[in-house]
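Engineer: All chains, please: the whole structure from these sequences, using the hints.
Each protein sequence line maps, in turn, to chains A and B. To convert, take the position in the first sequence, counting from 1, and add 201; that gives my numbering. To convert, take the position in the second sequence, counting from 1, and add 201; that gives my numbering.
Any given hint could be a false lead.
Identical copies look the same in the list; a pair holds intra-copy or inter-copy alike.
Calculated pairs, DSS-like style, for lysine-lysine (alpha carbon to alpha carbon, straight line, at most 30 Å) [claimed, not checked]:
| # | residue 1 | residue 2 |
| --- | --- | --- |
| 1 | K462 | K559 |
| 2 | K263 | K546 |
| 3 | K556 | K321 |
| 4 | K546 | K323 |
| 5 | K263 | K462 |
| 6 | K515 | K495 |
| 7 | K321 | K446 |
| 8 | K462 | K539 |
| 9 | K380 | K515 |
| 10 | K546 | K495 |
| 11 | K559 | K241 |
| 12 | K556 | K486 |
| 13 | K287 | K263 |
| 14 | K486 | K539 |
| 15 | K321 | K515 |
| 16 | K515 | K323 |
| 17 | K486 | K241 |
| 18 | K263 | K323 |
| 19 | K495 | K241 |
| 20 | K495 | K539 |
| 21 | K462 | K241 |
| 22 | K287 | K486 |
| 23 | K546 | K462 |
Hints in this document: simulated from the structure, not taken from any laboratory. These figures come from a predicted structure and were not determined experimentally.
Protein chains: 2
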Amino acid sequence: MQHYYAMIMAGGGGTRLWPMSRQDMPKQLLPLVDDVSMFKTSVDRLAPLFTPDRVYVVTGRKYVHEMRAQAPEIPPQNFIVEPYGKDSGPAAAFGLTVIHRRDPEATVAVLTADHHIQDKEKFRDVLAAAYDVAQQGYIVTLGISPSYPATGFGYIRQGEELCQSNGFTVYASRGFTEKPNLVTATAFLASGDYSWNSGMFIWTAQQALAEFARQQPEMYAALMELQPAVDTPEFDDRLETVWEKIPRISLDYAVMEGAGKMAVIPVDIGWNDVGSWASLYEVLKLDRFGNGFKGRQSERVVLDTRNTLVYSDKLTVTIGVEDLIIIETPDALLICRKDRAQDVKDVVNHLLTTKNYKYL
Amino acid sequence: MQHYYAMIMAGGGGTRLWPMSRQDMPKQLLPLVDDVSMFKTSVDRLAPLFTPDRVYVVTGRKYVHEMRAQAPEIPPQNFIVEPYGKDSGPAAAFGLTVIHRRDPEATVAVLTADHHIQDKEKFRDVLAAAYDVAQQGYIVTLGISPSYPATGFGYIRQGEELCQSNGFTVYASRGFTEKPNLVTATAFLASGDYSWNSGMFIWTAQQALAEFARQQPEMYAALMELQPAVDTPEFDDRLETVWEKIPRISLDYAVMEGAGKMAVIPVDIGWNDVGSWASLYEVLKLDRFGNGFKGRQSERVVLDTRNTLVYSDKLTVTIGVEDLIIIETPDALLICRKDRAQDVKDVVNHLLTTKNYKYL
Numbered sequence: 202m203q204h205y206y207a208m209i210m211a212g213g214g215g216t217r218l219w220p221m222s223r224q225d226m227p228k229q230l231l232p233l234v235d236d237v238s239m240f241k242t243s244v245d246r247l248a249p250l251f252t253p254d255r256v257y258v259v260t261g262r263k264y265v266h267e268m269r270a271q272a273p274e275i276p277p278q279n280f281i282v283e284p285y286g287k288d289s290g291p292a293a294a295f296g297l298t299v300i301h302r303r304d305p306e307a308t309v310a311v312l313t314a315d316h317h318i319q320d321k322e323k324f325r326d327v328l329a330a331a332y333d334v335a336q337q338g339y340i341v342t343l344g345i346s347p348s349y350p351a352t353g354f355g356y357i358r359q360g361e362e363l364c365q366s367n368g369f370t371v372y373a374s375r376g377f378t379e380k381p382n383l384v385t386a387t388a389f390l391a392s393g394d395y396s397w398n399s400g401m402f403i404w405t406a407q408q409a410l411a412e413f414a415r416q417q418p419e420m421y422a423a424l425m426e427l428q429p430a431v432d433t434p435e436f437d438d439r440l441e442t443v444w445e446k447i448p449r450i451s452l453d454y455a456v457m458e459g460a461g462k463m464a465v466i467p468v469d470i471g472w473n474d475v476g477s478w479a480s481l482y483e484v485l486k487l488d489r490f491g492n493g494f495k496g497r498q499s500e501r502v503v504l505d506t507r508n509t510l511v512y513s514d515k516l517t518v519t520i521g522v523e524d525l526i527i528i529e530t531p532d533a534l535l536i537c538r539k540d541r542a543q544d545v546k547d548v549v550n551h552l553l554t555t556k557n558y559k560y561l
Numbered sequence: 202m203q204h205y206y207a208m209i210m211a212g213g214g215g216t217r218l219w220p221m222s223r224q225d226m227p228k229q230l231l232p233l234v235d236d237v238s239m240f241k242t243s244v245d246r247l248a249p250l251f252t253p254d255r256v257y258v259v260t261g262r263k264y265v266h267e268m269r270a271q272a273p274e275i276p277p278q279n280f281i282v283e284p285y286g287k288d289s290g291p292a293a294a295f296g297l298t299v300i301h302r303r304d305p306e307a308t309v310a311v312l313t314a315d316h317h318i319q320d321k322e323k324f325r326d327v328l329a330a331a332y333d334v335a336q337q338g339y340i341v342t343l344g345i346s347p348s349y350p351a352t353g354f355g356y357i358r359q360g361e362e363l364c365q366s367n368g369f370t371v372y373a374s375r376g377f378t379e380k381p382n383l384v385t386a387t388a389f390l391a392s393g394d395y396s397w398n399s400g401m402f403i404w405t406a407q408q409a410l411a412e413f414a415r416q417q418p419e420m421y422a423a424l425m426e427l428q429p430a431v432d433t434p435e436f437d438d439r440l441e442t443v444w445e446k447i448p449r450i451s452l453d454y455a456v457m458e459g460a461g462k463m464a465v466i467p468v469d470i471g472w473n474d475v476g477s478w479a480s481l482y483e484v485l486k487l488d489r490f491g492n493g494f495k496g497r498q499s500e501r502v503v504l505d506t507r508n509t510l511v512y513s514d515k516l517t518v519t520i521g522v523e524d525l526i527i528i529e530t531p532d533a534l535l536i537c538r539k540d541r542a543q544d545v546k547d548v549v550n551h552l553l554t555t556k557n558y559k560y561l
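Structural biologist: This is the structure we're talking about:
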């Protein structure tokens, strides 16, 4: 697969894994599932499909130092550093602008840094399949075969079958649907025509930039000002000027929802967005009582405890509890019923409105 | 009330308030109910009935420094320091030996350092009442009017009415019963003839020592070796020698269960032994959802939380939980269903058998 690049979108924040995730230590830098960070896992699972020089990372200034340290095999110039966050639309367009300058024939898989993927081999297989579809002029989205009527994800509607690729069936995409209500989500699931929007897209850099040119002309113009400066001494100064002009917008809203000639490949790769402590619980190895732990094995006393998630580095004792999320960090402690895990974001909002910035 | 002394027994340990209580920081040194330690509260509530020079403290070498600092008004020589713990029998006898040497006409109220007493004025009133009864040659025990069929306390059976004293009715005691089972405790409660053994006794030092002489001749003989050395330079050396010879035994078992001429004054003073986190919860001021907190008010976010006890000095967030005990210390975290609070002692035993001494 010539000119194939992986571009990991690693700038995001998120609040629902508080108190472990913080503004300075976002979810992707945390060892939430494995012993290494989710970012590192996201890099590692690309091999051998992508050699390190074909892996790009788009992130912010606050995080790039740590990410370079965690993935030293990736060339330093492949870390594309946003001056500050402007949501996923500018982040993707910025990365594509740089890659396209260096390799106008690039095909780019836009990937996430903070999702769990159980079946890594199948993940690489579907990325290989998507490459071929992208060569045929399609913008390819990876659709996750839905396992329940989730109301927290966007959906992609499948149209007619386009082809088979590397053992996967490729469908025309009939477009995106924003997070549905439960009734709609249940109908989507029953129809068999919908998959979850994973946020992973495979397209040629040329076609991607053409979509930005058509749908986001302001952003495109700014980035084209920047493009000739890539890999020159003027780059940093030019970026400062250009970045100011770029609107804040999500990738879906910026170009995906209005893109032409889209394909979707539904796939079951054991995907989990790790979007809350309850989601994380789903992907952890559990003991025979349904408990998931992070922290030192010896420093734990567990009596009559079931279906509970404990993240703590200090001696933690649980007696007679179930369905709890217990998260202990150096400056904060969260005890939350598992089915209330979504409410953690309200706590973060509360801390923000009460100006408890040190906890954010 | 001439020659009346209070002797606070402050040497004990206990394991059921782990992880806050530790071998080096026992329950009585912790600010569990108030903003000051239970020991300090125990001292403070004696005024104005006892002037500081009439207050004695029996404790261990590990704790005496802190206790002197917390109660500097008590003369240094009134701190009676055990070389090491030998249970409550020797502790009481040792204290009585010293007090009796200094004042042969002493009447001594043996009191506790780690119990909560809501009605402090009534507590002083009943101590005054007991003094008069002790002058008539009785060993007086304070009986707590039972509010439920507790199986965790010893009981005292009331006999015939002896007299009225300071507004309290004094009964002959028909003796002690060890912790009963629930059926027996229920029958005790129904009979109206029983009260809980508070562990507080009022007696003349002379009569107390006579009981030790009769029932614990070995201990008595050892302490009589020590007595002439009180307030002399030989005291410390003599104590080392004498203490070795003294058997380990509880005060109840050593003399109370076999004592003659005992009286009991049943009283309702809002007594609570704070014997577990669940007991402590009972005496705390609660919010309107039944939650009790210790820690900085501002650093707490409480969503849909009921009947829960939180002791933490770091930002603590609870969401959707009820009937929990949440105790956070610098090196340990306890999350326990409230009705399982007794099991905390099992955890401490487990830490002991697994040699996790640093947590004890």
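Engineer: Does each hint fit the structure? Answer for all of them.
Structural biologist: Verification of the hints:
no.: 1; hint: K462 with K559; in the structure: neither (46 Å within a copy, 65 Å between copies)
no.: 2; hint: K263 with K546; in the structure: within (22 Å within a copy, 46 Å between copies)
no.: 3; hint: K556 with K321; in the structure: neither (41 Å within a copy, 42 Å between copies)
no.: 4; hint: K546 with K323; in the structure: neither (33 Å within a copy, 50 Å between copies)
no.: 5; hint: K263 with K462; in the structure: neither (37 Å within a copy, 78 Å between copies)
no.: 6; hint: K515 with K495; in the structure: both (10 Å within a copy, 20 Å between copies)
no.: 7; hint: K321 with K446; in the structure: neither (39 Å within a copy, 71 Å between copies)
no.: 8; hint: K462 with K539; in the structure: neither (41 Å within a copy, 60 Å between copies)
no.: 9; hint: K380 with K515; in the structure: neither (38 Å within a copy, 36 Å between copies)
no.: 10; hint: K546 with K495; in the structure: both (22 Å within a copy, 25 Å between copies)
no.: 11; hint: K559 with K241; in the structure: within (27 Å within a copy, 35 Å between copies)
no.: 12; hint: K556 with K486; in the structure: between (37 Å within a copy, 28 Å between copies)
no.: 13; hint: K287 with K263; in the structure: within (14 Å within a copy, 59 Å between copies)
no.: 14; hint: K486 with K539; in the structure: both (16 Å within a copy, 28 Å between copies)
no.: 15; hint: K321 with K515; in the structure: neither (32 Å within a copy, 39 Å between copies)
no.: 16; hint: K515 with K323; in the structure: neither (37 Å within a copy, 44 Å between copies)
no.: 17; hint: K486 with K241; in the structure: within (19 Å within a copy, 48 Å between copies)
no.: 18; hint: K263 with K323; in the structure: neither (33 Å within a copy, 63 Å between copies)
no.: 19; hint: K495 with K241; in the structure: within (18 Å within a copy, 40 Å between copies)
no.: 20; hint: K495 with K539; in the structure: both (16 Å within a copy, 25 Å between copies)
no.: 21; hint: K462 with K241; in the structure: neither (33 Å within a copy, 78 Å between copies)
no.: 22; hint: K287 with K486; in the structure: neither (36 Å within a copy, 48 Å between copies)
no.: 23; hint: K546 with K462; in the structure: neither (36 Å within a copy, 67 Å between copies)
When held up to the earlier numbered hints, the structure conflicts with 1, 3, 4, 5, 7, 8, 9, 15, 16, 18, 21, 22, 23 and fits the remainder.
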